[in-house]
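Make the full structure from the sequences, and use the hints.
Quick note, the sequences are listed as chains A and B, same order. Using the working numbering, the final residue of the first sequence is 928, and nothing's skipped along the way. Using the working numbering, the final residue of the second sequence is 928, and nothing's skipped along the way.
Where hints are given, some of them may not hold.
A pair counts as met if it fits within one copy or between any two copies, since identical chains are not told apart.
[Stated by the list, open to error] With a Cα cut of at most 25 Å, we get these calculated PhoX-like pairs of lysine-lysine:
(1) Lys794 x Lys840
(2) Lys794 x Lys872
(3) Lys928 x Lys695
(4) Lys773 x Lys840
(5) Lys806 x Lys695
(6) Lys746 x Lys776
(7) Lys901 x Lys861
(8) Lys928 x Lys840
(9) Lys872 x Lys746
(10) Lys773 x Lys695
Keep in mind the hints are simulated off the structure, nothing from the lab.
2 protein chains.
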Amino acid sequence: MKNIIIASTSTIHGSDYLDYILDDLTIFFNEVKDILFIPYARPGGISHDEYTKIVNTAFSKIDKRVEGIHTFEDPIDAIKKAKAIFIGGGNTFVLTNQLYKNNIINTLQTVVKNGTPYLGTSAGSNICGLTINTTNDMPIVYPPSFKALGFVPFNINPHYLDPDKNSKHMGETRETRVKEFHNFNTQPVIGIREGSWLHVKDDSIILKGHLTARVFEYSKVPYEVESGTELKHLK
Amino acid sequence: MKNIIIASTSTIHGSDYLDYILDDLTIFFNEVKDILFIPYARPGGISHDEYTKIVNTAFSKIDKRVEGIHTFEDPIDAIKKAKAIFIGGGNTFVLTNQLYKNNIINTLQTVVKNGTPYLGTSAGSNICGLTINTTNDMPIVYPPSFKALGFVPFNINPHYLDPDKNSKHMGETRETRVKEFHNFNTQPVIGIREGSWLHVKDDSIILKGHLTARVFEYSKVPYEVESGTELKHLK
Numbered sequence: 694m695k696n697i698i699i700a701s702t703s704t705i706h707g708s709d710y711l712d713y714i715l716d717d718l719t720i721f722f723n724e725v726k727d728i729l730f731i732p733y734a735r736p737g738g739i740s741h742d743e744y745t746k747i748v749n750t751a752f753s754k755i756d757k758r759v760e761g762i763h764t765f766e767d768p769i770d771a772i773k774k775a776k777a778i779f780i781g782g783g784n785t786f787v788l789t790n791q792l793y794k795n796n797i798i799n800t801l802q803t804v805v806k807n808g809t810p811y812l813g814t815s816a817g818s819n820i821c822g823l824t825i826n827t828t829n830d831m832p833i834v835y836p837p838s839f840k841a842l843g844f845v846p847f848n849i850n851p852h853y854l855d856p857d858k859n860s861k862h863m864g865e866t867r868e869t870r871v872k873e874f875h876n877f878n879t880q881p882v883i884g885i886r887e888g889s890w891l892h893v894k895d896d897s898i899i900l901k902g903h904l905t906a907r908v909f910e911y912s913k914v915p916y917e918v919e920s921g922t923e924l925k926h927l928k
Numbered sequence: 694m695k696n697i698i699i700a701s702t703s704t705i706h707g708s709d710y711l712d713y714i715l716d717d718l719t720i721f722f723n724e725v726k727d728i729l730f731i732p733y734a735r736p737g738g739i740s741h742d743e744y745t746k747i748v749n750t751a752f753s754k755i756d757k758r759v760e761g762i763h764t765f766e767d768p769i770d771a772i773k774k775a776k777a778i779f780i781g782g783g784n785t786f787v788l789t790n791q792l793y794k795n796n797i798i799n800t801l802q803t804v805v806k807n808g809t810p811y812l813g814t815s816a817g818s819n820i821c822g823l824t825i826n827t828t829n830d831m832p833i834v835y836p837p838s839f840k841a842l843g844f845v846p847f848n849i850n851p852h853y854l855d856p857d858k859n860s861k862h863m864g865e866t867r868e869t870r871v872k873e874f875h876n877f878n879t880q881p882v883i884g885i886r887e888g889s890w891l892h893v894k895d896d897s898i899i900l901k902g903h904l905t906a907r908v909f910e911y912s913k914v915p916y917e918v919e920s921g922t923e924l925k926h927l928k
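Shown next as structure tokens:
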């Protein structure tokens with residue numbers, strides 16, 4: 694029953710919020726009018742109200758109405774009653790911390806397993822993996838656990854970035870970081886480039902968008918997969 | 694009694710491990726022959742032995758002998774008896790996790806407070822701050838706490854990187870990340886660029902190297918400080 698979009702980013706360079714994926718979202722949210730938005734990741738520290746306003750502006754272009762979960766008295770009840778759910782980007786640690794604090798992890802897992810359409814971008818995509826161990830974000834708060842929603846049986850690395858061969862900076866490349874992850878963990882990691890997303894539909898997991906994605910499997914050489922590839926075998 | 698070097702990086706582009714700072718380390722480690730090396734951060738997942746070998750090669754140029762803490766039966770005892778300590782870079786989460794696991798945080802704090810010279814680079818510098826909340830590293834393991842050694846009354850951001858105005862990537866700039874940190878925390882953060890370091894000597898904290906550093910104080914506009922600046926007032 695699952696119906697999930699796991700997008701690398703909300704925004705691609707030079708275009709407005711969600712613009713690059715709005716046509717696909719029109720189809721994805723075809724049967725719903727109202728979307729419950731979870732603004733906990735608070736990009737740049739903006740308020741839940743400010744963030745919800747930005748999202749509402751984008752979704753109004755495809756005639757959807759967005760309500761922020763923070764405006765409901767009972768967030769668990771809000772999720773149970775939601776026709777569709779969107780968790781946006783920002784800081785994955787802040788997001789994860791708030792999901793645990795409000796005790797909504799289990800409810801999210803249940804409703805999405807039972808068919809409530811879920812859209813995640815960036816931090817909202819990170820948490821679709823088994824853990825948040827492959828986020829790019831700064832750990833500005835300490836969440837009670839790195840365990841995430843586990844909508845897919847692997848980890849996500851959104852905003853996947855290829856090494857810059859001209860860089861003189863000594864920080865690790867993204868590929869090096871993910872390889873280090875595999876010194877301590879065995880689940881696969883999918884590096885999704887900006888403009889790409891995974892569409893999870895029942896048991897299928899298809900890469901969408903125009904770009905390839907990079908797959909890191911434990912003790913294997915990383916490889917690229919083309920848009921349209923079925924990834925359900927990865928675990 | 695404190696005598697600490699907190700360096701942004703072990704290596705600058707185009708030169709060998711520690712080369713850029715070896716002259717200063719000759720003076721810093723003037724009175725010691727043997728250095729205890731803590732290789733827990735394991736850059737790229739290399740073994741403690743491999744890592745110690747790299748460090749030994751560098752320090753042999755200034756006639757120092759390095760022993761890895763992993764070769765001692767009792768790490769707490771090794772730290773107590775050490776004439777000098779070096780913690781190298783790699784992954785800050787892996788390092789912090791191992792420090793807690795081996796229960797050596799308190800001992801490190803005590804001996805460094807009492808005058809054992811301490812050199813940190815990268816991850817080994819991150820942990821000199823109050824917390825590791827401002828590391829750039831991927832959170833590939835979940836440590837029992839983000840609290841760090843607190844050798845200085847603020848946080849460190851090593852490998853500080855200025856925004857790339859030509860980038861089309863939508864990931865947050867370093868400055869944005871540190872600003873987000875200040876939505877949830879109030880201590881200052883010092884962004885130390887590669888090639889710079891802080892020298893903590895008793896109550897003094899001086900920026901060294903040829904570059905400026907970026908200071909982020911809570912609810913203030915970030916600003917640059919010149920090499921040679923005294924930073925002990927920051928807290």
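Structure-based check of all given hints:
1. Lys794 x Lys840: The answer is both: 14 Å in one copy and 20 Å across copies each meet 25 Å.
2. Lys794 x Lys872: between (31 Å within a copy, 23 Å between copies)
3. Lys928 x Lys695: within (17 Å within a copy, 49 Å between copies)
4. Lys773 x Lys840: within (21 Å within a copy, 37 Å between copies)
5. Lys806 x Lys695: Cα proximity of Lys806 and Lys695: one copy only (5 Å, versus 56 Å across).
6. Lys746 x Lys776: within (19 Å within a copy, 58 Å between copies)
7. Lys901 x Lys861: between (33 Å within a copy, 20 Å between copies)
8. Lys928 x Lys840: Result: close within a single copy only, 16 Å intra versus 33 Å inter.
9. Lys872 x Lys746: Intra 38 Å, inter 22 Å, cutoff 25 Å: inter-copy only.
10. Lys773 x Lys695: For Lys773 and Lys695, the Cα distance is within 25 Å only inside one copy (15 Å; across copies 56 Å).
Consistency note: the structure conflicts with none of the earlier hints.
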